[in-house]
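Residues per chain are reported as follows:
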Amino acid sequence: DAKTTQPPSMDCAEGRAANLPCNHSTISGNEYVYWYRQIHSQGPQYIIHGLKNNETNEMASLIITEDRKSSTLILPHATLRDTAVYYCIASNSGGYQKVTFGIGTKLQVIP
Amino acid sequence: NAGVTQTPKFQVLKTGQSMTLQCAQDMNHNSMYWYRQDPGMGLRLIYYSASEGTTDKGEVPNGYNVSRLNKREFSLRLESAAPSQTSVYFCASSDHRGQGEKLFFGSGTQLSVL
Chain U
1 DAKTTQPPSM DCAEGRAANL PCNHSTISGN EYVYWYRQIH SQGPQYIIHG LKNNETNEMA
61 SLIITEDRKS STLILPHATL RDTAVYYCIA SNSGGYQKVT FGIGTKLQVI P
Chain V
1 NAGVTQTPKF QVLKTGQSMT LQCAQDMNHN SMYWYRQDPG MGLRLIYYSA SEGTTDKGEV
61 PNGYNVSRLN KREFSLRLES AAPSQTSVYF CASSDHRGQG EKLFFGSGTQ LSVL
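Line order of the protein sequences matches chains U and V. Here the first sequence stands for residues 1 to 111, where the numbers follow our numbering. Here the second sequence stands for residues 1 to 114, where the numbers follow our numbering.
Where hints are given, some of them may not hold.
[What the hints assert, rightly or not] Reference excerpt, derived from the structure (chain V facing chain U, CB under 10 Å, subset only):
#, residue
1, V4
2, S31
3, G42
4, L43
5, R44
6, Y64
7, V88
8, F90
Calculated directly from the structure, the hints in this document are not laboratory data. All residues carry an ideal CB built from backbone N, CA and C; glycine is no exception.
Required output: the full structure, derived from the provided sequences and hints.
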């Protein structure tokens with residue numbers, strides 16, 4: 001599965017949009033981009049995923065560039081409860097045994 | 001649905017003791033995983049089971065054994081605990097359904113080996 005690169009940390013003001021970038025320049029055509037987050041020491045939680053098209057659900061929006069080499073997770077109105085580590089991964093739906101969870105992006109939402 | 005349930009939530013062991021971490025999922029998923037997470041590091045895969053009756057090593061399998069007891073349950077055993085195994089352990093499950101494959105995690109087991 002493709003490697004992903006994320007900034008180690010970001011700040012966002014409460015109520016503003018949080019835009020978290022991810023680079024996956026070696027992604028293959030059948031690999032999805034997934035985003036998970038981990039609040040404090042809880043188990044990571046699925047947020048959203050996509051293949052080519054932009055996606056939106058009740059938690060966030062995912063914008064994937066046309067060449068699929070990068071993506072952005074958007075939390076439209078960040079709250080203090082969105083403070084967490086966000087992981088971006090790429091996987092081809094053959095299981096997660098080859099997926100590497102890096103250190104992710106630590107998002108700090110500031111009051 | 002409870003999702004993925006792990007027990008115990010906390011455990012303290014002495015060096016050399018053994019223990020089994022239990023994991024069960026009620027989502028009828030085929031694949032199950034055990035990860036460990038150390039401070040400042042991402043999740044590292046210990047073992048996984050792609051389907052009932054099969055298990056395979058992940059990135060950091062040394063010092064651990066697993067059993068896929070049935071489709072629901074996947075246990076992790078430490079035969080002789082070492083301080084280096086102090087970590088937070090997460091169990092997860094996934095299944096390919098339609099477009100994509102989501103991973104569901106348990107709440108974790110915080111293990112300290114003294």
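- Item | Status of the hint placing V4(V) at chain U (closest C-beta pair under 10 Å) | Holds. Min distance 7 Å.
- Task: Go through the hint on G42(V) and say holds or violated, using the shortest Cβ distance to chain U against 10 Å.
- Result: holds (4 Å)
- Was the hint right that Y64(V) lines chain U, CB cutoff 10 Å? violated (15 Å)
- Message: Would the hint on R44(V) be counted as holding, given a Cβ-Cβ threshold of 10 Å to chain U?
- Response: holds (8 Å)
- Item | Agreement of hint F90(V) with chain U interface, Cβ distance less than 10 Å | For F90(V), the interface hint holds, since the closest Cβ of chain U sits about 5 Å away, which is under 10 Å.
- Message: Less than 10 Å between beta-carbons is the criterion; does S31(V) satisfy it with respect to chain U?
- Response: holds (5 Å)
- Status of the L43(V) interface restraint (C-beta, 10 Å, chain U): Status holds, d = 4 Å.
- Supplied contact hint for V88(V), tested at 10 Å Cβ to chain U: With a closest approach of 6 Å, the V88(V) hint holds.
Checked against the numbered hints above, the structure breaks only hint 6 and satisfies the rest.
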